[in-house]
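There are 2 protein chains.
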Amino acid sequence: MRTITLGLLGLGTVGSGVVKLLQAQQAKLEQTAQVHFHLKRVAVAHLAKHRNDPLPSGTTLTDNIDDVLNDQDIQVVIETMGTVNLARDVIKKAIYRGKSVITANKDLLATDGPQLAELARFRHVDFMYEASVAGGIPILRVLSNSLVTDQINQITGIINGTANYILTAMSSAGLSYQDALAEAQEKGYAEPDPTNDVKGIDTANKLSILSQFSFGRALDPHQLTVTGIDQVCKQQLAAASQLGYAVKLLAIARRKGDCIFTFVGPALLPQTAQLAQIAGVQNAIEVNSNALGTTVYTGPGAGAEPTANSILSDLVAVADHIMNFDCGKEFNGYHNHLTTNSINDLPQAYLAVAKQAPPVDLAWQKTSTNNDRWAGITPTLSTTEAAALQKQCDYPLLPIANSWSL
Amino acid sequence: MRTITLGLLGLGTVGSGVVKLLQAQQAKLEQTAQVHFHLKRVAVAHLAKHRNDPLPSGTTLTDNIDDVLNDQDIQVVIETMGTVNLARDVIKKAIYRGKSVITANKDLLATDGPQLAELARFRHVDFMYEASVAGGIPILRVLSNSLVTDQINQITGIINGTANYILTAMSSAGLSYQDALAEAQEKGYAEPDPTNDVKGIDTANKLSILSQFSFGRALDPHQLTVTGIDQVCKQQLAAASQLGYAVKLLAIARRKGDCIFTFVGPALLPQTAQLAQIAGVQNAIEVNSNALGTTVYTGPGAGAEPTANSILSDLVAVADHIMNFDCGKEFNGYHNHLTTNSINDLPQAYLAVAKQAPPVDLAWQKTSTNNDRWAGITPTLSTTEAAALQKQCDYPLLPIANSWSL
Numbered sequence: 004m005r006t007i008t009l010g011l012l013g014l015g016t017v018g019s020g021v022v023k024l025l026q027a028q029q030a031k032l033e034q035t036a037q038v039h040f041h042l043k044r045v046a047v048a049h050l051a052k053h054r055n056d057p058l059p060s061g062t063t064l065t066d067n068i069d070d071v072l073n074d075q076d077i078q079v080v081i082e083t084m085g086t087v088n089l090a091r092d093v094i095k096k097a098i099y100r101g102k103s104v105i106t107a108n109k110d111l112l113a114t115d116g117p118q119l120a121e122l123a124r125f126r127h128v129d130f131m132y133e134a135s136v137a138g139g140i141p142i143l144r145v146l147s148n149s150l151v152t153d154q155i156n157q158i159t160g161i162i163n164g165t166a167n168y169i170l171t172a173m174s175s176a177g178l179s180y181q182d183a184l185a186e187a188q189e190k191g192y193a194e195p196d197p198t199n200d201v202k203g204i205d206t207a208n209k210l211s212i213l214s215q216f217s218f219g220r221a222l223d224p225h226q227l228t229v230t231g232i233d234q235v236c237k238q239q240l241a242a243a244s245q246l247g248y249a250v251k252l253l254a255i256a257r258r259k260g261d262c263i264f265t266f267v268g269p270a271l272l273p274q275t276a277q278l279a280q281i282a283g284v285q286n287a288i289e290v291n292s293n294a295l296g297t298t299v300y301t302g303p304g305a306g307a308e309p310t311a312n313s314i315l316s317d318l319v320a321v322a323d324h325i326m327n328f329d330c331g332k333e334f335n336g337y338h339n340h341l342t343t344n345s346i347n348d349l350p351q352a353y354l355a356v357a358k359q360a361p362p363v364d365l366a367w368q369k370t371s372t373n374n375d376r377w378a379g380i381t382p383t384l385s386t387t388e389a390a391a392l393q394k395q396c397d398y399p400l401l402p403i404a405n406s407w408s409l
Numbered sequence: 004m005r006t007i008t009l010g011l012l013g014l015g016t017v018g019s020g021v022v023k024l025l026q027a028q029q030a031k032l033e034q035t036a037q038v039h040f041h042l043k044r045v046a047v048a049h050l051a052k053h054r055n056d057p058l059p060s061g062t063t064l065t066d067n068i069d070d071v072l073n074d075q076d077i078q079v080v081i082e083t084m085g086t087v088n089l090a091r092d093v094i095k096k097a098i099y100r101g102k103s104v105i106t107a108n109k110d111l112l113a114t115d116g117p118q119l120a121e122l123a124r125f126r127h128v129d130f131m132y133e134a135s136v137a138g139g140i141p142i143l144r145v146l147s148n149s150l151v152t153d154q155i156n157q158i159t160g161i162i163n164g165t166a167n168y169i170l171t172a173m174s175s176a177g178l179s180y181q182d183a184l185a186e187a188q189e190k191g192y193a194e195p196d197p198t199n200d201v202k203g204i205d206t207a208n209k210l211s212i213l214s215q216f217s218f219g220r221a222l223d224p225h226q227l228t229v230t231g232i233d234q235v236c237k238q239q240l241a242a243a244s245q246l247g248y249a250v251k252l253l254a255i256a257r258r259k260g261d262c263i264f265t266f267v268g269p270a271l272l273p274q275t276a277q278l279a280q281i282a283g284v285q286n287a288i289e290v291n292s293n294a295l296g297t298t299v300y301t302g303p304g305a306g307a308e309p310t311a312n313s314i315l316s317d318l319v320a321v322a323d324h325i326m327n328f329d330c331g332k333e334f335n336g337y338h339n340h341l342t343t344n345s346i347n348d349l350p351q352a353y354l355a356v357a358k359q360a361p362p363v364d365l366a367w368q369k370t371s372t373n374n375d376r377w378a379g380i381t382p383t384l385s386t387t388e389a390a391a392l393q394k395q396c397d398y399p400l401l402p403i404a405n406s407w408s409l
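Those sequence lines, one after another, are chains A and B. The first sequence begins at 4 in the numbering used here and counts up one residue at a time. The second sequence begins at 4 in the numbering used here and counts up one residue at a time.
For the record, the hints were derived by calculation from the structure and aren't laboratory data. A hint or two may mislead.
No copy labels: a pair is met if it fits in one copy or bridges any two.
Straight-line distance between alpha carbons at most 20 Å, and here's what the computed SDA-like set of lysine to any residue pairs gives [unchecked claim]:
id	residue 1	residue 2
1	LYS43	THR370
2	LYS332	ILE7
3	LYS237	PRO197
4	LYS332	GLN157
5	LYS237	GLU121
6	LYS31	GLY219
7	LYS43	LYS237
Same shape as in the complex, but just chain A (with noise of 0.2 Å):
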């Protein structure tokens, strides 16, 4: 049986669930892909520190991140530290040292990606990242081997465990956002700075890998208009409810044309909508295409096994290429020259609440009153007379997903 030499950047919990996941599927992968993985290196930051789970034997721990990049014989680097800066290099020069790389880094993505996916393409070395999209969902795989066929129209995520998780709590439990947050935080699912995931920045990060796998064009998280959960108040919660919603931090791009329209934001979803019913830290994203319609992948979106389990899945992958000699091939293939819009530039409804019923002359969908606010579903509104309305209202207008006519 063939043997693949493997080296690893990081060994914090997304590293170690590697190893573990490793050893312990040994004798599947080397039945089902016909390869033995040896783990010669892994660079950590710290030699000293204390670590639970031993490495295995023949593994050799190191603080020389050039140790392993320098180590012909290994072949794939997989990289999971985490940061932006070092890993870019790192990465750069793995590819240039002709090693294939797999990395769970989004925030590199985002910014690096395309750059990196063309180094290694001329390289002739692999480059893959499933585990940087909704954690243990293979929806990266799933657009690049199965809906490849086909043409699709629109991807709609739910891709932040974190303000998943804390929406759930405040709609469910009635909690304020502040105390949602530290509950997400008491129970590990927040960090201590949450500004990533509740201001929509990791979320316009996965959307612009999602974009470039769905539509063959990744887009600047930079240049995306991006509202994140941290205005959204139990209030607005309650009035979604009582009106039929549930209100999501929804990432959505949708393909119109030469255009793709983007939004990443708290929206409103049909309480009977799939992807309403996702709750707590789970993933999901809805993919719309000609030929399936509708299909939908749920399931954990972080967490040490199922990021190992994308992050092997990747391993199994390029060893297939490296035994066949076919590294190289980039791991999302389409490319199309595609403009970019913002959705919150079209007209669209939206759930307006106030103290009181605003005095203004329109033909309001549905509408619901509580002892201390009042609440309503808009028809179809500009963003001018949006603009007009929001004057009128205590607090900000949400939009109803999907109500936007293009």
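Start from chain A and add chain B according to the hints.
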């Protein structure tokens, strides 16, 4: 660009879908797979039959299957004829002549799949059948690519759209089984002879294939205990709903140690379960595995275009193997020696429905009464206890999914 030459057997709903999708997606396929597909010959039963869609120029129609099988240019044969005996012969011949084969023929696969796969391996050609389970949902490729690095514990599927349509109509519109079946037939969702679908035979065939990919062990559909939905009545559905459950035709395979426990039949799921939300002709598969926990895949279970998309995703994989001189690897390379057992023989809880509360001393978990019927959820019962209770109930007991104790 490399050209790969194809032969198509059958030009019914699915065959026509393949021709259309191949034409529609040609540019994307050429860009991403770096291959041009030339459909050289299509074999049909009746040459003179009127066809709406013209074949691509360069494609010849024939009523002699041997014209396809004997054409040495043809590297891949797509079988969409749908009969079992003829298809078996033709697929064997194609494999013997060194052609890779793609089929959606689940009835054939359930009985002859492992043998045909073995034959293809020996002849160094590919044999793929993504479309055979759950139509457009890319579940087999997900299991064989993305979950090959994980250990699957249980797979639960709603994989017959006809049965799910009927149960949904009975439950939501209060129709009788006969009326719901008639409605499904009228809409083209059920065959004039619905036996395979409503008796659970189709579901059992697909479970066999799912078990092969999940556990490395195909099931013999003839040895499975299979219950259909044709004995389910609206009183049971109404009672289930009142008690917080939905009734679904489920296919379950669960591995415990060296045994696979299987179930095919109507069973109750809590209304909050993700699979309980699957309505109409939609399909869904829930996978429970060590690393990922629960992932769910939902989409269209049938139809020309979804099926054609799955066939074309097979074709892209076959093309990659042809270009790498790497054909002959099994679609599912995972094999295990496991015994099988029926979940029906395990202690489990049931929904009991009768005209009046049965005079037995049971710790009912929940009960409900209506004008003219009584219903209750039992505690875990042995098969003997269940048989005794059955005698006192006017309707068949329905098991509660996942209530069985192993």
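Now the hints, each set against the structure:
no. : hint            : result
1   : LYS43 x THR370  : neither (63 Å within a copy, 61 Å between copies)
2   : LYS332 x ILE7   : both (19 Å within a copy, 19 Å between copies)
3   : LYS237 x PRO197 : within (19 Å within a copy, 50 Å between copies)
4   : LYS332 x GLN157 : neither (25 Å within a copy, 34 Å between copies)
5   : LYS237 x GLU121 : neither (45 Å within a copy, 59 Å between copies)
6   : LYS31 x GLY219  : between (34 Å within a copy, 10 Å between copies)
7   : LYS43 x LYS237  : neither (51 Å within a copy, 62 Å between copies)
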